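Asks: Could you put the whole structure together from the sequences, leaning on the hints where they help?
Residue numbering for the sequence shown is 1 to 672, as defined by my numbering.
Don't read these hints as lab results, they were simulated from the structure.
Among these hints, one or two may not hold up.
What the hints assert, rightly or not - Simulated crosslink set (BS3-like; lysine-lysine; CA at most 25 angstroms straight-line):
1. Lys486 / Lys498
2. Lys486 / Lys566
3. Lys515 / Lys559
4. Lys574 / Lys559
5. Lys393 / Lys403
6. Lys581 / Lys559
7. Lys498 / Lys403
8. Lys581 / Lys498
9. Lys486 / Lys302
10. Lys454 / Lys302
Bear in mind the structure is a predicted one, so any value in this text is a computation, not a measurement.
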Amino acid sequence: MSSEIIKVPDIGGSEAVEIIEVAVSEGDVIEPEDTLITLESDKASMDVPSPKGGKVVRVLVKEGDTVSEGDDIVELELEGSADDSDAADEAEAAPAQEPAPSTEKPAPEKPAAQASAGGGKRTVDIKVPDLGGASDVEVIEVAVSEGDDVAEEDALITLESDKASMDVPSPYSGKLVTLTVKEGDTVSEGDVIGTMEIAGEGADESGADEAADNEPEREAATGPVAEGEAGATEEAVSDTPERREIRVPDLSGASDVPVIEIAVSAGDELEEEDALITLESDKASMDVPSPYKGKLIELAVKEGDTVSPGDLIGYMEVAGGKPRAARPEPSSASGSSTSSEASKPAAPETPAETPSPEAEMAQHQPRSDKLVHAGPAVRMLARELGVDLAQVKPSGPKERVLKEDVHAYVKQVMAGQSQASTAAAGGAGIPAVPDQDFSQFGAVEEKPMGRLMKMGATNLHRSWLNVPHVTQFDEADITELEAFRKSMKAEAEAQGAKLTPLPFLIKACAFALRKFPQFNVSLKSDGETLVWKDYVHIGIAVDTPDGLMVPVIRDADRKSLIELAKESVELAGKAQSKKLKREEMTGGCFTISSLGSIGGTAFTPIVNTPEVAILGVSRAQMKPVWNGSDFEPRLMMPLSLSYDHRAVNGADAARFAAFLTQVLGDLRRLLM
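Replies: Spelled out as structure tokens, the structure:
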């Protein structure tokens, strides 16, 4: 094996382009053309694919970094034999013997001009520019119409390939005479997409051609600095600490999560990974760590606030800052305008005075015929969240929609729905239960519900309102099962497991879900699509002092009784101590709620949506059971199977319950 540093390829002459996503991690095994990173400039976003397959040894960049052509991305351990390594070494040595490429760029091709009949005007063709080697790229949006007055750099059309989307800007200011493409067409570099009428004739046209001819000279005059100077500039590091935003990371799909604790204050010196705030959802609590080492200069949240992924937490002053970008010194031939622009002081950042995205979003008027500027990553996020990008107020350069804008829009919509649901409960929707003064009947005390109990109540209420519940009751004869369990108790304890009836129930339910896959589905929100699952994850309801929690045992159908016994006890302990991870509480296919240790003969459990069924288990009792000739005492366990009648038919539910009682009555069926 040999290793190779994968570098940023040609990115159309752009420099210092931001990395918005890193798609690989150390240890990943990748194939050629797998995406390594995603870049986004003010014009387009693009994926950078791996030119070779192999194992990622080191990732040399992170999200937020800026890169240029030739910068290192990852170190890759290449697939293949020593012969491949030798060939690679020879390939690396070969460029050293080649002459250095010229720094001069060819003059850009200008669109052909045609004399126009109108005095003082000329008509030019508008062609598709360089697409980085791509061809037959789809036109996904047309931003202009014939007759429009267009300014230079205004977007004309938007193209999207399987790797990136980009706007095609107008090369001139003028009036659009003809437009020869429409949405859905495919174009390649050099294709004519329309004609424009622009100011100027004869002399002006010659002047434009002369300027085009002189373009290489101007570029050469302001070209790259000497190699030594460039190296020194790249290595220089800003002495001024850099101000960076801290935002809420990915919460695995959760949103509007309450902040229950603030662990820091403005002015604190923090280490990387120090806890900033603590969040608590209906499933778990988690700390949000500091992504940097430095000084906290502003905190934008407080206890009781709710946050979602991408929301601003505060600002940090990070020592050292980023390396200065290598920029050429302007030569005397470049003119005073360049020097004056370079000498202008940068505008100070005032993030604290900037209105929140949510406040701006509320005032945004939806666009109708206007082009939406957004990269592939933003468009994918919008599709996943069901967001119409035309409704989102952009905050990026040149009215580009960013991920933060999409999150702010969703937050605003959710806030509006929350207010609407409150109003509905008060009158237009479900009649609200009126409050009354209970103190008139005796002494009372009001206590707020805990967050876990409150969120659980919300989820149960949502499920009850949306799911047409039906409950199927049955009894399982577990006389032999209980005798077997007691006989294996000592052996299980020797293996570190406590063998209760619960592992048997989990095993039987997993077996039944494989037998009746129509119970292992979820119904999508459209009410018309079922998602069939080829895995069996069983949730177990656990009673805790703070409320009900449902940890999930993954791949329950592949685990032994001893493994199920150990894992169920471990997860229940984590639930009691509030140490469950999010991945230990998600992905369930079916839930078991056992009240057997408490009592009762039957109950109607509420389906844990998006699952479609739940099994309630009550206390087993000895009962006289008729065997055909006389009564004999049998240990009978009551079962209550609630299901979503939209997804499960009543006859199927009866068969499922009957099969489950047969398996619990005779464990040998698990072997069939």
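Asks: Any hints from earlier that this structure breaks? Give me their numbers in increasing order, please.
Replies: 7, 9
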